[in-house]
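Asker: Chain by chain, the residues run as shown.
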Amino acid sequence: MTSLPQTTEKKLGLVIDLDTCVGCQACVTSCKEWNTGGYSAPLSDQDPYGADPHGTWLNRVHAYEIGEGARSQAVHFPRSCLHCEEPDCVTVCPTGASYKRAEDGIVLVNPDTCIGCKLCSWACPYGAREYDYEVGVMRKCTLCVDRIYNENLPEEDRVPACVRACPTGARHFGDTGDPESDVSKLVAERGGYDLMPEMGYKPQNKYLPPRPRQNMKPAAPVEEAQRAPTTAGSALERLFSWADQQLSR
Amino acid sequence: MEPRIDRSPEVADEIKTTTCYMCACRCGIRVFLKDGQVRYIEGNRDHPVNKGVLCGKGSAGIMQHYAPSRLTAPLKRVGERGSGDYEEISWDEALALATDWLGTTRSKDPSRLAFFTGRDQSQSLTGWWASQFGTPNFAAHGGFCSVNMAAAGLYTFGGSFWEFGEPDWDRTEYFLLFGVAEDHASNPIKMGLGKLKERGVKVTAINPVRSGYGAIADEWVGIKPGTDGLFVAALIHELFEMRAIDLDYLVRYTNAPWLVIQSQGSADDGLFARDEEGNPLVHDTSTDALASGLLADVKPSLSGEFELADGRRAVPVFQLLAERFGSGAYAPDRVAAQTGLEADVIRRIARELAEAAFEKEVVLDIPWTDWAGRRHEKMIGRPVSMHAMRGISAHSNGFNTCRLIHLLQIILGSIDCPGGFRYKPPFPKAIPPHLKPAGKLGSVQPDTPLAGAPLGFVEGPEDLLVDEAGDPLRIDKAYSWDAPVAAHGLMHMVLNNAAKQDPYGLDVLFMYMANMSWNSSMNVQGVLDYLTAKDDNGDYKIPKIIYSDAYFSEMVPYADLILPDTTYLERWDCISLLDRPISEPDGPADSIRQPVVKPDRDVRPFQDVLIDLGGRLGLPGFTNEDGSAKYPGGYPDYIVNHERTPGVGPLAGWRGEDGSQYGKGAVNPDQLERYIENGCFNTHHLPDGQRFFKHANADYLEWAKSVGFIGSTEPIVFQLYSEPLQKFRLAAQGHGDIQPPDHHRRRIDMFFDPLPFWYAPFEGAMLEDGDYPLHAITQRPMHMYHSWGSQNAWLRQITAQNKLFMNREMAKELEIRDDDWVWIYSHIGRVKAQVALMEGVNSSTVWTWNAIGKRKGAWALDDDAPEATRGFLLNHLISELLPERDGGYRYSNSDPITGQAAWYDLRVRIEKADGDTADESLPRFEPLRRPNAPVTPDTLTFGSQFREGAQ
Amino acid sequence: MHPAYSVIFFTTASGAGYGLLCLIAGAILFDAVPRSTSFGLVVFALALGLVTAGLLSSTAHLGRPERAWRAFSQWRTSWLSREGVMAVITYVPAGLLALSWSFGGGGDSATALERVLAVLAILGSLVTLYCTGMIYASLKTIRHWHLGIVPINYIIFGVMTGAIAFLFLLNLFGVAGEGYVWVTSLLIAVGLVAKFLYWTKVDAAPPVSTAGNATGLGHLGKVRPFEAAHARRNFVMREMGYTVARKHVARLRNIVFLLAFGLPLLGVLLGLVGGTIAALFGSFFALVTAAVGIFVERWLFFAEAEHVVTTYYGAEAA
Ligand SMILES: Nc1nc2c(c(=O)[nH]1)N[C@H]1C(S)=C(S)[C@@H](COP(=O)(O)OP(=O)(O)OC[C@H]3O[C@@H](n4cnc5c(=O)[nH]c(N)nc54)[C@H](O)[C@@H]3O)O[C@H]1N2
Ligand SMILES: Nc1nc2c(c(=O)[nH]1)N[C@H]1C(S)=C(S)[C@@H](COP(=O)(O)OP(=O)(O)OC[C@H]3O[C@@H](n4cnc5c(=O)[nH]c(N)nc54)[C@H](O)[C@@H]3O)O[C@H]1N2
Ligand code: SF4
Ligand code: SF4
Ligand code: SF4
Ligand code: SF4
Ligand code: SF4
Ligand SMILES: [Mo]
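From first to last, the protein sequence lines are chains R, Z and B.
Residues in the first sequence are numbered from 1 upward in steps of one, following the working numbering.
Residues in the second sequence are numbered from 250 upward in steps of one, following the working numbering.
Residues in the third sequence are numbered from 1201 upward in steps of one, following the working numbering.
These are calculated hints, taken from the structure and not from any lab test.
Please note: incorrect hints may appear among the correct ones.
Unchecked claim - Cβ pair distances, simulated, as ranges: (1) R/5 / Z/1165: 54 to 64 Å; (2) R/151 / Z/881: 52 to 62 Å; (3) B/1319 / Z/1187: 46 to 56 Å; (4) R/234 / Z/560: 22 to 32 Å; (5) B/1205 / Z/1172: 37 to 47 Å; (6) Z/991 / R/69: 48 to 58 Å.
Unchecked claim - Sample of chain B residues at the chain Z side, in silico, Cβ under 10 Å: (7) 1400; (8) 1426; (9) 1428; (10) 1431; (11) 1432.
From the three backbone atoms N, C-alpha and C, an ideal C-beta is built for every residue, glycine too.
Build out the structure end to end from the sequences listed, making use of the hints.
Answerer: This is how it looks when you write it as structure tokens:
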């Protein structure tokens, strides 16, 4: 049912660290691998061995360059459903297949009632919904709802597949609604932000900006002070006498 | 009402652990099995390599395992090579045929078999098999991969980058990353960088391209390819200037004080002055006399000229170092132009290094005892670490550049100390390891095993594999004057030499797991010609080719007999300490693969096949006295029961009848079960006191000897000055019985410098700079593994075409826009490719992703797959030989010392492909044909079978 | 946005259908047309036929048409659902009116019940058209659609095309009067102004987002894609990444002005100068050109629309 819950008990989401992401795609394929056999099974692939291979994925990683020349920088940018608090992708749905869970704020598509009208994907500013051409229903990040509470998985593994796989630890999972949660603290400390706040969708996922680069201050020549004291003799003689002093300490 | 969903679905009927092989990192995985199919693959949290994480390739393992490109049965060629005319044959027939071919060769002349095993993770088996067969012509892919890295390290400090060691991620305060896009330690490096980020440690990436790791580095140093040696030498110069050198460390752990004989023209000029026992001499300031450098209590001088017993003069290594790097030759301002870097940036980085090393000293309260029995209360470290890989090694000056990086690490006192670069046991080893290449003149005899291992480490001309005339004895010319220190062989030269029958022809070429007709070869067209070249009688110049692959790669159609392998989830394997280990700095580790699913095709694990062949051929190591097969149980049988030396076998864990011993111990029949119980790996944790300074740590050396890692407990003294190299130089100067043929002298004399130095990469130096002004290099995509990633239905959705990346400014000058098609010209040909512009690339460099370009028909992809129609390889432009030079002889396009393939020396010119408007890459080759090729699906719905209630 | 032909046909056809329904109902309401079984049957058949055909075709672009019935459930929040519900509801007064007026007998002037049904049919039609428009107007992600004028236009173009169809039928049955010509011409003129206003608004509307704030990294400099997230176009790009070149847009807009409004107006006005044949031919010509014109208008409505998501894929702004 597409009326949004007044409030949700939790606001579960991902916190993605753009300062650490190297763009390795582990979160992309682990997501595909888990979910193609999970809640959203299958995530079909079209022309998999042909000229135009494309399929349904719930998470994609872009790479951008920002700025020009020497001062430019590169950033890898994972993009999946942000589990917004007030997303039109839910309210526009004519069937109720698209809904937001009151319990944890996870936005889901019910694959058994979706008619594949695609309207929700139009309403999503973040390109987080992908239509499954084979099955005829809409797919999206489930926040691994079939992992995070799964009693058949050990406690420590009850996190999204992408978080579990990420080799650099650039992905964090938790309750961004609870100011005391680790993720919220991380967001506070690192100046985490929302994507396209102007849309008013209030994402539950947050992004941590690239940290200011260290020592990118214009290079300064080594001050004389830092060079060795200049005593008499050739450069080498001075070096050797220094070495002798050092060793005879 | 919200729909009710099942929050706790069954995730698997069974979860089995094994080892990933989507790349050579060898992470531990847990394979989720449902209804006998692979449901999911996740990282094994307990595993030493990946500690639970899994990369983009590993997480796509399902699509590799079920790829339609998998071979299904043994094949025998019936048409011409390359034609794709095959008939499927039974394994009995295949093995009989192979036995026949190999048997005849062995009883005629074993060296007419060349056995090259590419991306082999069972080199301790394949190498052993080769030596039992009796051929010296064995190597894996190391020669075209990164032997410069391995050799430079092993000849300098008994360890190496590659995955043989790693930065102390938890303690380092400064990290320099040279020329790495991904590397073998794929997940460990990512985890490490994550840790550095968490601690806010500065990461500096030296790389002509800024992508991947470079993107998250604090500083990107966009150096000009091939000039890192200059950059590093300039850093060393600055550190000398700043007196930021750990002299105590140099005295304690290196040959800096050793005296070098200064006697121009004499046979031992430049060698170490030694006493009667052969100990290197130093000048002891406390007694003002010469003393053995191996004594603990001397106070050696680092400078000055000293008189030897015979009246000749000698100077300490340190003085020679200082003369080379302390003088202005490598001053930042001198190297700025060539490296394309600002001198001030170099100075600042040197200052940052010094600051981290000497002002952020790490102190651990861990007492330890050094080799001389001196007890130290603390472990004190210089928290500066570095890592380098093919950006450094894949150049013809790679060996020396890598030696320079190690020199930099050492003068900062940062090897195997807290916060520095740490060895992973079984390293450190003797410098170089005491293992000489077998196969000397006359030692190769019919039906006889080789005297030792085919690959090893030469210590002077006497160890070369050459005949009286000084000509090569190995087909790849390894350990000859072409490449004396070719510790990994030169796989990239085998096809060329075999077809030209230089130094001699072959009877059988036996290859495993190397796509030699495509992405692992230089000059692809040339290689295809070599593979199909015929003599006057119309016989192939390479008479017989046996090849084992698991998939329909570009190489398969060029083999005469194809032995189809299983996928990595269908076989036993052994990642052994006798091969490339997966250890951690805190302790050695090894692991296994176990079959988690059964093959549904008529395929066999290559190792089983090899052992079977060993039995059929009656190779000593593989047969009992009565001639019966020694390992009827195949590879698992061998893994458990083979002993290389008494008590030492492929696996170090749970040895001894009861499994109580580590490293050395009797065969344990339950060994594999114990590994499986433990998650398919074994880790031995070193006690605290052994974790650092392993090269000089009495307890560690003691223990390492006891488990057979090293032969003696002598300290491992870093060889800043390399005597073996000087021995080759002396030979070139006319000393000793074994001297290079004249046309080699100049080259050996020039490049075998006992101290590291920089010289311009060959190809660039030999070409008119104006003709080919640009450097062209490749990078590995993190989510693709060489050629084999493209058969993966998921991975190819991420990258199905590679473009030529150019600097936006440079492109402006050439009036090239995004997505334009251009011709890339090198001195041997041209390739047509599509351009992508970017900011983060050195302005004289172009680059592309490696091995994305595919040949039509390969890998079970449609002929119109973008990989084939728009993708391309730079390999078509990389010559396996250096440009023609007066004098005629063409050396291989390799490092003169190690023979490492110089992929990244490539120089090119770019022109807009205005004339040719078709949106397609060139050159194009005849589409490959595959016998009874499978029909590939136009839609995949993998996973639907796992839906609740699905059948 | 990718122009899905099923959707374009749906909105044009049902638009005209509801328009026609409004006119016949209006005519009945004001006794402006003589009661006639044959005429009634034809007009109502065409109106409801167009509506039905449109609704059916709209299910063609559903991934799971067999589940289409579920779309009636979410009228509380979803304009698409509301449209469905209203469409069905409107059948009731429309159908009853059709039956009563065609077969109900009685004099020329409509019965009280018929007047009530007519009012309900008109309201139903207009509200349905409004819902359709609101499906698009409610999307914050597409500045070309997220405008108050959009639903108004859907109503105007529906009624306009309906009026032209009605005029044609009147001529066919020889019962057209000058008044109808004036009314139709007026509606066409209004339509032209409405479309003109729409385009001026769209061209003036500032982009909703840029690559800079889509990634939240704009403050660091100009954001450019370096490596695409995937090799080939995925669903998002196929559906949302559709673009037409500026110059084509300009040409197509002129075609719309000409086909949807200019020529139909001429055709309709022919009814004033020429005789009945000319009027018949003129209104038929108007109907055909308007149909094609509105079809192009609707195609352009999609093709011109830029979705903010494209800013992740290299569009500087959208
Ligand atoms: N231009 C350029 N060229 C390069 C490089 C570069 O950087 N730039 N890098 C060079 C380097 S370092 C290397 S190591 C080489 C790598 O090049 P290759 O050694 O050719 O490695 P792959 O392309 O991975 O192909 C190995 C072969 O092993 C097969 N294979 C995969 N799995 C199995 C299995 O389980 N069993 C068997 N029997 N076969 C299997 C694959 O199908 C493939 O045919 O490329 C070299 N070539
Ligand atoms: N995902 C993935 N992982 C792999 C592989 C794979 O194919 N895919 N292959 C495996 C194999 S066989 C190997 S050998 C390793 C290789 O691991 P890497 O060494 O990371 O391999 P390359 O991709 O060749 O990276 C070379 C890097 O050096 C840079 N470079 C080139 N020339 C220079 C130079 O002159 N100076 C400097 N400073 N940098 C330079 C290039 O821009 C590139 O970033 O990766 C292993 N791991
Ligand atoms: S797995 Fe982690 S590092 Fe790799 S792309 Fe995803 S977020 Fe980035
Ligand atoms: S990201 Fe898109 S799909 Fe996800 S909740 Fe927000 S609007 Fe809906
Ligand atoms: S596609 Fe499915 S989920 Fe999306 S709006 Fe339509 S019915 Fe709802
Ligand atoms: S949370 Fe789960 S579904 Fe969402 S992106 Fe991560 S892996 Fe995919
Ligand atoms: S790095 Fe990735 S592909 Fe390589 S072994 Fe580890 S998980 Fe497998
Ligand atoms: Mo390699």
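Asker: Now look at each hint and say whether the structure bears it out.
Answerer: Each hint tested on the structure:
| no. | hint | verdict |
| --- | --- | --- |
| 1 | R/5 / Z/1165: 54 to 64 Å | 60 Å, holds |
| 2 | R/151 / Z/881: 52 to 62 Å | 45 Å, violated |
| 3 | B/1319 / Z/1187: 46 to 56 Å | 54 Å, holds |
| 4 | R/234 / Z/560: 22 to 32 Å | 27 Å, holds |
| 5 | B/1205 / Z/1172: 37 to 47 Å | 42 Å, holds |
| 6 | Z/991 / R/69: 48 to 58 Å | 51 Å, holds |
| 7 | 1400 | 33 Å, violated |
| 8 | 1426 | 6 Å, holds |
| 9 | 1428 | 9 Å, holds |
| 10 | 1431 | 4 Å, holds |
| 11 | 1432 | 7 Å, holds |
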